[in-house]
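All chains should be modelled from the sequences, with the hints used to inform the complete structure.
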Amino acid sequence: MKKKLFFSGWFLLMCCFLSAQEYFPVNDGVKTINTNYTLFKNATLHPTPGEVVSNGSLLIKDGKIVSVGKSVNAPKNAVIVDLMGKHIYPSFIEMYSTFGVEIPKRERNGRSPQYEPTRDGYYWNDHVRAETNALNDFKYDSKAAKELMEAGFGVVNTHKADGLVRGNGILVALNDNGGTSERLLETRSAQFFSFNKSNLSPQSYPGSIMGATALIRQVFEDAKWYKGGNIATQDLALEALNANMDLPQIFYGDNLYDDLRIAKLSKEVNVPFIIVGGGDEYKRIGEIKQTGASYIIPVNFPEAYDVEDPYQASYVSLSQMLEWNQAPTNLAAMQDNGLKFAITTADLKSPDKLMTMLRKAFKYGLKEETALRALTTTPAELLGKSKEIGSLTNGAWANLLITSGTIFDKETIMYENWVQGSKNVIKDASIVDIDGNYALAVNGKTYDMEISKSLEKPAVTVKSGETKLGSKVSYSDGWLTVLFTGENSDNKEYTRLTAQVNPNGKWSGTAILPNGSESNFTATKKEDTVSKESDSKDKENSDKEEEAIEVMPLTYPNIAYGYKEKPKAQTILFKNATVWTNEEAGILEQTDVLVRNGKIAAVGKNLSAGGAQVIDATGKHLTSGIIDEHSHIAAFDVNESGQNSSAEVRMRDAVDPDDIDIYRDLAGGVTTIQLLHGSANPIGGQSAVMKLKWGSSIDEMVLDDIKFIKFALGENVKQSNWGSFNRFPQTRMGVQQMFTDYFQRAKEYEVKMKSGKPYRKDYEMETLVDILNGERFISSHSYVQSEINMLMKVAEDFDFRVNTFTHILEGYKVADKMAEHGVAGSTFSDWWAYKYEVNDAIPYNAAIMWSAGVLTGINSDDAEMSRRLNQEAAKTMKYGGVPEEEAWKFVTLNPAKMLHIDDRTGSIKEGKDADLVLWSTYPMSVSAVAEKTLIEGAVYFDIEKDKQLREEVKMQKNKLTTLMLSAKNKGLKTQPAKKEEKQRLDCDTLETLD
Numbered sequence: 002m003k004k005k006l007f008f009s010g011w012f013l014l015m016c017c018f019l020s021a022q023e024y025f026p027v028n029d030g031v032k033t034i035n036t037n038y039t040l041f042k043n044a045t046l047h048p049t050p051g052e053v054v055s056n057g058s059l060l061i062k063d064g065k066i067v068s069v070g071k072s073v074n075a076p077k078n079a080v081i082v083d084l085m086g087k088h089i090y091p092s093f094i095e096m097y098s099t100f101g102v103e104i105p106k107r108e109r110n111g112r113s114p115q116y117e118p119t120r121d122g123y124y125w126n127d128h129v130r131a132e133t134n135a136l137n138d139f140k141y142d143s144k145a146a147k148e149l150m151e152a153g154f155g156v157v158n159t160h161k162a163d164g165l166v167r168g169n170g171i172l173v174a175l176n177d178n179g180g181t182s183e184r185l186l187e188t189r190s191a192q193f194f195s196f197n198k199s200n201l202s203p204q205s206y207p208g209s210i211m212g213a214t215a216l217i218r219q220v221f222e223d224a225k226w227y228k229g230g231n232i233a234t235q236d237l238a239l240e241a242l243n244a245n246m247d248l249p250q251i252f253y254g255d256n257l258y259d260d261l262r263i264a265k266l267s268k269e270v271n272v273p274f275i276i277v278g279g280g281d282e283y284k285r286i287g288e289i290k291q292t293g294a295s296y297i298i299p300v301n302f303p304e305a306y307d308v309e310d311p312y313q314a315s316y317v318s319l320s321q322m323l324e325w326n327q328a329p330t331n332l333a334a335m336q337d338n339g340l341k342f343a344i345t346t347a348d349l350k351s352p353d354k355l356m357t358m359l360r361k362a363f364k365y366g367l368k369e370e371t372a373l374r375a376l377t378t379t380p381a382e383l384l385g386k387s388k389e390i391g392s393l394t395n396g397a398w399a400n401l402l403i404t405s406g407t408i409f410d411k412e413t414i415m416y417e418n419w420v421q422g423s424k425n426v427i428k429d430a431s432i433v434d435i436d437g438n439y440a441l442a443v444n445g446k447t448y449d450m451e452i453s454k455s456l457e458k459p460a461v462t463v464k465s466g467e468t469k470l471g472s473k474v475s476y477s478d479g480w481l482t483v484l485f486t487g488e489n490s491d492n493k494e495y496t497r498l499t500a501q502v503n504p505n506g507k508w509s510g511t512a513i514l515p516n517g518s519e520s521n522f523t524a525t526k527k528e529d530t531v532s533k534e535s536d537s538k539d540k541e542n543s544d545k546e547e548e549a550i551e552v553m554p555l556t557y558p559n560i561a562y563g564y565k566e567k568p569k570a571q572t573i574l575f576k577n578a579t580v581w582t583n584e585e586a587g588i589l590e591q592t593d594v595l596v597r598n599g600k601i602a603a604v605g606k607n608l609s610a611g612g613a614q615v616i617d618a619t620g621k622h623l624t625s626g627i628i629d630e631h632s633h634i635a636a637f638d639v640n641e642s643g644q645n646s647s648a649e650v651r652m653r654d655a656v657d658p659d660d661i662d663i664y665r666d667l668a669g670g671v672t673t674i675q676l677l678h679g680s681a682n683p684i685g686g687q688s689a690v691m692k693l694k695w696g697s698s699i700d701e702m703v704l705d706d707i708k709f710i711k712f713a714l715g716e717n718v719k720q721s722n723w724g725s726f727n728r729f730p731q732t733r734m735g736v737q738q739m740f741t742d743y744f745q746r747a748k749e750y751e752v753k754m755k756s757g758k759p760y761r762k763d764y765e766m767e768t769l770v771d772i773l774n775g776e777r778f779i780s781s782h783s784y785v786q787s788e789i790n791m792l793m794k795v796a797e798d799f800d801f802r803v804n805t806f807t808h809i810l811e812g813y814k815v816a817d818k819m820a821e822h823g824v825a826g827s828t829f830s831d832w833w834a835y836k837y838e839v840n841d842a843i844p845y846n847a848a849i850m851w852s853a854g855v856l857t858g859i860n861s862d863d864a865e866m867s868r869r870l871n872q873e874a875a876k877t878m879k880y881g882g883v884p885e886e887e888a889w890k891f892v893t894l895n896p897a898k899m900l901h902i903d904d905r906t907g908s909i910k911e912g913k914d915a916d917l918v919l920w921s922t923y924p925m926s927v928s929a930v931a932e933k934t935l936i937e938g939a940v941y942f943d944i945e946k947d948k949q950l951r952e953e954v955k956m957q958k959n960k961l962t963t964l965m966l967s968a969k970n971k972g973l974k975t976q977p978a979k980k981e982e983k984q985r986l987d988c989d990t991l992e993t994l995d
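Numbering (the working numbering), first residue to last: 2 to 995.
No lab work stands behind these hints, which were simulated from the structure alone.
All values reported here derive from a predicted model rather than from experimental measurement.
Hints may be right or wrong, so weigh each one.
As the list claims (entries may be wrong) - Below 20 Å or equal to it, Euclidean Cα-Cα: the simulated SDA-like pairs (lysine to any residue) are: (1) Lys411 / Ser455; (2) Lys569 / Asp177; (3) Lys411 / Ala430; (4) Lys147 / Tyr416; (5) Lys969 / Asn326; (6) Lys62 / Asp177; (7) Lys464 / Ala430.
Claimed, not checked - With beta-carbon atoms standing in for the labels, derived distance ranges: (8) Lys350 / Met754: 49 to 55 Å; (9) Ile550 / Glu911: 48 to 54 Å; (10) Glu797 / Ser921: 34 to 40 Å; (11) Ile104 / Glu982: 24 to 30 Å; (12) Asn197 / Thr732: 47 to 53 Å; (13) Tyr835 / Lys350: 45 to 51 Å; (14) Ala442 / Asn178: 40 to 46 Å; (15) Lys364 / Met754: 54 to 60 Å; (16) Ile944 / Glu885: 22 to 28 Å; (17) Met754 / Trp125: 19 to 25 Å; (18) Gly366 / Asn197: 30 to 36 Å; (19) Glu886 / Lys762: 20 to 26 Å; (20) Met553 / Asn56: 43 to 49 Å.
Just so you know, even glycine gets a beta-carbon here, dropped at the ideal spot from N, CA and C.
Structure follows, in structure tokens:
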């Protein structure tokens with residue numbers, strides 16, 4: 002099968018290879034093969050990072066290194082190159098590239114989404130393209146190769162950057178003098194992955210980061226099942242995936258949280274992914290270290306923002322400024338934490354920016370040896386090619402750099418880049434630097450001549466007195482030619498000078514005068530005080546530019562309002578508070594509450610505790626933390642709308658722990674949320690119930706033992722309000738049929754699970770089996786009474802119960818049936834008539850459900866409302882006369898019961914988690930302010946601390962603005978100020994901003 006998969010690629014390779022076979026006639030020259038050796042002697046060799054051989058020799062033949070060391074004998078047929086004073090390094094390796102492989106253009110979508118695959122004989126999802134072989138699309142790009150070689154690279158690992166599973170790449174030597182057969186070091190170098198869909202297909206699924214993660218998770222299960230011979234039909238994509246598992250597995254990520262997501266996925270599927278990072282790993286370097294993964298890290302540090310205009314400057318957020326300030330520390334942070342990483346130029350506009358970026362990183366702590374390792378031996382090791390590339394060792398390819406000095410020194414000139422023993426001249430080593438001012442004497446006349454950039458792109462200025470003459474220059478192979486006009490520019494008269502330059506500063510040559518006669522000229526270098534002063538100023542400015550600026554300290558999280566240290570559990574004694582217990586004791590006046598070891602240790606009067614922080618709560622109210630049963634904050638994505646069921650996707654895979662709305666919720670007394678999938682499909686994704694531990698890791702926030710899933714009913718899922726007409730179901734009757742079908746299939750799947758026989762692991766079905774067994778609970782988006790009845794009946798038919806109807810704005814019509822079923826209702830306080838299916842909503846809904854015995858709560862489904870749920874609870878007292886204690890339970894104890902966490906939170910009781918809020922006054926008053934918000938005994942919001950943080954944000958922005966202005970004044974490039982857009986997600990958000 003492998004032969005079929007790679008036939009076209011091998012055909013290309015063999016065609017090129019056969020052209021060089023020894024039995025082929027040669028008609029364009031002699032057939033004699035060059036068997037000479039090349040010996041480089043008297044060089045400073047750097048065989049591997051940290052290893053130096055002074056006055057060493059290196060012998061190569063047939064593109065390979067034959068011998069390296071202090072004393073290497075020269076064979077009789079050796080070409081000897083004396084490199085006295087020069088250095089030799091191994092050429093660099095670009096480990097993540099699309100060199101020579103064009104990225105396909107995106108297919109245009111029709112008016113409606115496409116749900117089915119377009120290919121036959123492959124995996125059911127078009128974005129899984131493991132059969133792709135980069136060789137089939139590879140075309141050697143001489144221009145791009147030249148740019149890479151001039152940056153020091155000799156080998157690239159390239160691939161077709163398209164799809165979630167991208168197939169295998171190829172390892173290519175940048176040998177302009179060779180053919181494909183010589184350049185190809187490996188036709189199967191690595192297997193590539195990403196979270197990005199293929200441009201070759203408009204298939205809708207996956208349409209979210211959690212969907213992409215779920216699909217890759219399922220692909221690996223299906224590949225194992227296929228490998229076991231359990232599928233009768235042929236799947237070329239799964240065959241290729243299995244065939245490529247012996248290769249390095251490279252997974253492209255775009256940012257820090259992609260890194261962590263990939264690392265978690267790596268452990269789940271038991272595949273050691275090499276992660277292409279985002280360059281922002283420094284923000285949570287401790288978590289990155291814990292992954293234990295190897296990385297490929299970009300070095301595209303952002304430019305300063307142009308903040309001269311105060312109005313424009315106000316657009317730039319503190320997080321944007323901090324990224325500019327801190328990003329250059331990333332490589333040093335990786336190094337100092339012992340992480341293995343290679344360096345890539347993939348994000349750079351041009352490879353020639355590499356050295357500039359690295360020299361900047363050196364100023365921030367990166368060691369030169371680490372950088373060299375990341376460009377040579379580490380990528381070679383990760384690719385399994387340590388004996389062939391990345392070092393100057395016997396038997397390795399003769400890929401080497403010849404330089405004037407140490408590789409990363411700013412003054413070092415890279416002369417040559419030899420690839421597979423083929424010489425590529427970057428800068429001619431024979432060319433002498435002749436920059437300077439000269440007294441030019443030609444046929445009895447004197448001129449002033451200034452030459453600049455002679456080692457790069459030479460420029461010349463010729464003056465006669467104060468008159469600047471038209472002039473141009475060429476300089477190569479040690480010969481200089483200057484052409485300049487006469488003083489009368491109207492006359493097309495030219496004087497031409499030609500000379501072999503003298504490095505000592507005075508030389509003579511031949512001048513061809515305007516009349517055609519020949520004469521001599523002399524050029525004498527002179528001291529130029531003005532030029533010296535100018536050079537001194539340039540050097541001074543250059544030195545300033547390269548100085549490492551002050552780096553702002555990292556915070557948790559590393560944005561505005563982040564803490565210098567992660568909050569820790571404290572021993573706190575609240576004295577004389579009005580305590581809302583949510584227990585039989587009710588509301589207790591002038592009562593003390595002791596918090597110790599993250600728990601509520603005691604509730605009573607006249608409590609004391611040694612070493613406790615005592616807070617005088619006289620006149621204030623202490624409650625358990627608010628719990629939002631329906632939230633969409635802290636998420637990178639919210640809907641996986643690519644299928645009518647997305648039970649396999651996990652909102653945990655889309656958690657954004659740096660979302661500022663977490664902090665805002667804490668300021669409103671919210672301690673716990675259920676991060677729900679959206680309502681784009683009848684069976685949505687798995688929820689993430691999480692505590693809002695600002696600055697903590699995702700693992701520390703999410704309660705993994707609490708298992709929920711989002712279902713949805715109504716307009717959204719039948720797509721009547723977003724114009725999709727080709728996905729089932731299209732009607733409310735179809736929604737019922739879909740539920741019945743899926744649960745019946747889940748029952749049949751469970752039979753297979755329990756049979757003891759092999760079965761295909763299906764993450765979607767396993768989630769539904771959990772529901773059938775009461776191990777995962779449904780929160781269902783709902784509005785209309787008929788559908789509410791329908792889902793309860795479906796659940797009863799399959800012998801389970803719906804846990805919660807959320808929104809449930811017609812709950813008052815079916816409250817008795819809800820109570821009988823045992824389902825909770827989490828509703829809005831006073832939303833109605835905002836779309837057709839909400840026309841019958843009334844503000845008395847919560848009170849009526851509560852009166853009928855339904856476990857009732859108030860939720861937000863809105864980032865803004867979430868931070869004032871205390872006021873939303875108060876509305877139920879107005880609309881329906883709910884007693885104050887019961888109203889308060891609507892946003893505390895009742896949602897805790899809905900989420901099955903009331904054994905740990907939701908009330909003030911000894912032994913429960915110390916998730917508490919200290920309010921300035923009566924908690925349901927519009928005047929109430931959360932002064933302190935605790936989660937498990939740690940203070941995550943403090944109103945006095947908040948005032949300090951506000952001032953710190955101003956101070957930091959002012960300091961960073963000054964640093965950016967300074968950078969611009971030094972002539973450094975800047976980028977336009979741009980506003981950082983924040984998108985707030987809700988139930989029907991289908992697309993998220995990049």
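We went through each hint and held it up to the structure:
Between lysine 411 and serine 455 the alpha-carbon distance is near 17 Å, which keeps this suggested pair within the 20 Å criterion. Pair hint lysine 569 plus aspartate 177 does not hold up; C-alpha atoms about 60 Å apart against a cutoff of 20 Å. Between lysine 411 and alanine 430 the CA atoms are separated by roughly 17 Å; this keeps the pair inside 20 Å, and the hint holds. Between lysine 147 and tyrosine 416, the direct Cα distance comes to roughly 14 Å. Compliance with the 20 Å bound is thereby established for this hinted pair.
As the CA atoms of lysine 969 and asparagine 326 are separated by approximately 14 Å, the hinted pair is consistent with the 20 Å bound. A hinted pair counts as satisfied when its Cα atoms are at most 20 Å apart, and lysine 62 with aspartate 177 qualifies at roughly 18 Å. Restraint check: the Cα-Cα separation between lysine 464 and alanine 430 comes to about 30 Å, which exceeds 20 Å; the hinted pair is violated. For the pair lysine 350 and methionine 754, the beta carbons lie near 53 Å from each other, so the given range of 49 to 55 Å is met.
Take isoleucine 550 and glutamate 911: their Cβ atoms lie about 52 Å apart, and the range 48 to 54 Å holds. In this structure the hint that glutamate 797 and serine 921 lie 34 to 40 Å apart at CB is violated, the actual value being about 47 Å. Checking the proposed 24 to 30 Å range against isoleucine 104 and glutamate 982 shows it holds: the Cβ atoms sit about 26 Å from each other. At about 34 Å, the CB distance of asparagine 197 to threonine 732 disagrees with the hint of 47 to 53 Å.
Our hint of 45 to 51 Å for tyrosine 835 and lysine 350 holds, since their Cβ atoms are close to 47 Å apart. Range check, alanine 442 to asparagine 178: Cβ separation about 45 Å, and the 40 to 46 Å hint holds. In this structure the hint that lysine 364 and methionine 754 lie 54 to 60 Å apart at CB holds, the actual value being about 58 Å. The hint said 22 to 28 Å for the Cβ distance between isoleucine 944 and glutamate 885, and at roughly 24 Å that hint holds.
At about 22 Å, the CB distance of methionine 754 to tryptophan 125 agrees with the hint of 19 to 25 Å. For glycine 366 and asparagine 197, the Cβ-Cβ distance of about 32 Å falls inside the hinted range of 30 to 36 Å, so the restraint holds. Distance hint for glutamate 886 and lysine 762: a CB-CB separation of about 48 Å, inconsistent with the stated range 20 to 26 Å. Here the CB-CB span from methionine 553 to asparagine 56 is close to 47 Å, well matched to the stated 43 to 49 Å.
Going through the hint list in order, the structure does not satisfy hints 2, 7, 10, 12, 19.
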